[in-house]
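Chemist: Please work from the sequences and hints to get the whole structure.
Under my numbering, the sequence shown has 172 at position 172, and the numbering climbs by one with no breaks.
Bear in mind the hints are in silico, worked out from the structure with no lab data behind them.
Possibly wrong hints are sitting among the right ones.
[Said to hold, decoys possible] Result set (DSS-like, lysine-lysine): computed pairs, CA atoms no more than 30 angstroms apart in a straight line: (1) K130 / K67; (2) K50 / K39; (3) K64 / K50; (4) K56 / K325; (5) K67 / K56; (6) K50 / K239; (7) K325 / K242; (8) K239 / K289; (9) K289 / K325; (10) K146 / K121; (11) K50 / K100; (12) K260 / K130.
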Amino acid sequence: GLDLMVGRNTALHATPFTVSVDLLTNGVTTGISASDRSKTILALIDPATKPEDLGKPGHIFPLKARKEGVLRRAGHTEAGVDLARLAGFEPAGVLVEILKEDGEMARLPDLEKVAQQWGLKLISVQDLIKYRLAQESLIQREITVKMPTEHGDFDLYAYTQRSNGAQHLALVKGDISGPEPVLIRVHSSCVTGDIFGSCRCDCGPQLHQAMEQIDREGRGVIVYMNQEGRGIGLLNKLKAYKLQEAGRDTVQANEDLGFKSDERDYGVGAAIVRDLGIRQMRLLTNNPKKRTGLSAYGLEVVETVPIEIAPNQHNQTYLTTKRDKMGHDILQPMKPEAAA
Numbered sequence: 001g002l003d004l005m006v007g008r009n010t011a012l013h014a015t016p017f018t019v020s021v022d023l024l025t026n027g028v029t030t031g032i033s034a035s036d037r038s039k040t041i042l043a044l045i046d047p048a049t050k051p052e053d054l055g056k057p058g059h060i061f062p063l064k065a066r067k068e069g070v071l072r073r074a075g076h077t078e079a080g081v082d083l084a085r086l087a088g089f090e091p092a093g094v095l096v097e098i099l100k101e102d103g104e105m106a107r108l109p110d111l112e113k114v115a116q117q118w119g120l121k122l123i124s125v126q127d128l129i130k131y132r133l134a135q136e137s138l139i140q141r142e143i144t145v146k147m148p149t150e151h152g153d154f155d156l157y158a159y160t161q162r163s164n165g166a167q168h169l170a171l172v173k174g175d176i177s178g179p180e181p182v183l184i185r186v187h188s189s190c191v192t193g194d195i196f197g198s199c200r201c202d203c204g205p206q207l208h209q210a211m212e213q214i215d216r217e218g219r220g221v222i223v224y225m226n227q228e229g230r231g232i233g234l235l236n237k238l239k240a241y242k243l244q245e246a247g248r249d250t251v252q253a254n255e256d257l258g259f260k261s262d263e264r265d266y267g268v269g270a271a272i273v274r275d276l277g278i279r280q281m282r283l284l285t286n287n288p289k290k291r292t293g294l295s296a297y298g299l300e301v302v303e304t305v306p307i308e309i310a311p312n313q314h315n316q317t318y319l320t321t322k323r324d325k326m327g328h329d330i331l332q333p334m335k336p337e338a339a340a
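Modeler: Here you go:
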């Protein structure tokens, strides 16, 4: 029941800190000592602790984990909670960074030495993801139908996300069971672009070009994710459009509404790819974070294949923002006087 520390998170990784706290009972004084902090941590883990037992601000900085753990977000917060849950304890944990002698954060090679020195067990977030993927699934395959399109014939797979009932799709072309890496596009739904042909974004053209490329290839997959507006939903996307009409860019508009620039996660998309039996892919994307996000779930991206869409007079600012603020590898947006 703790509130997030800020309504608009501008941290580098948008780490979801809540307000800091101290325990007000059990002999806690200033809250800063190791003893006081340990009491506060134990109280946070205890389901019997009430809001009035905690003082705000304090010296312990809680984090909120995603409900589905590392299968939704490949982070240390989720890994800590998952480990506790799998061990049969309360789904909570304590994160402690280990520093090297020079003050820099220890990395895996350093941690391997520490583990060996002190006889500690050591696993990675990827190890935990691999284990959970072998034991459970985020999705349920529901039905497969034939789907002839203007870009060729596909098989359409429908999936239900177990955690919230959201429905996702996969368009599959040809035989994807062979050893060769499969051409894949993970595409987030865009009602305005994919259905109405909006010129404010490049979503519709990207989707249709991906279908054309896969049709020419003869085999491939489009994972169509129910993550409208980079994960903020259709209504909030339209609110962001209104802010953009007042001069905000796409990142600023999301942040003004209390969202990160990109609220998507790739755990569910990765689960669909794995359900289709694919482990190696050639990824159709201009977004380096998408490659990183999928790779975190045990999938190998052997090649990034760009989708080059010519900008227009309505989306050049949007594309410039995606390039300059979100790191997308896209065409140089045209100058206003060259727009058509």
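Chemist: So, for every hint listed, does it hold in this structure?
Modeler: Taking the hints in turn, this is what the structure says about them:
1. K130 / K67: 18 angstroms, holds
2. K50 / K39: 14 angstroms, holds
3. K64 / K50: Distance of about 17 angstroms is within 30 angstroms: holds.
4. K56 / K325: 34 angstroms, violated
5. K67 / K56: At roughly 25 angstroms apart (the allowed maximum being 30 angstroms), K56 and K67 satisfy the hint.
6. K50 / K239: Since the Cα atoms of K50 and K239 sit roughly 37 angstroms apart, the hinted pair is violated (cutoff 30 angstroms).
7. K325 / K242: Holds: K325 and K242 sit about 20 angstroms apart, inside 30 angstroms.
8. K239 / K289: Given pair K239, K289 holds - Cα atoms ~25 angstroms apart, limit 30 angstroms.
9. K289 / K325: Holds, because 12 angstroms separates the two Cα atoms, which is no more than 30 angstroms.
10. K146 / K121: Roughly 49 angstroms separates the two Cα atoms, so the pair is violated.
11. K50 / K100: With Cα atoms ~38 angstroms apart, K50 and K100 exceed 30 angstroms; violated.
12. K260 / K130: The given pair, whose Cα atoms are some 27 angstroms apart, holds under the 30 angstroms limit.
Hint check: violations occur at hints 4, 6, 10 and 11; the rest are consistent with the structure.
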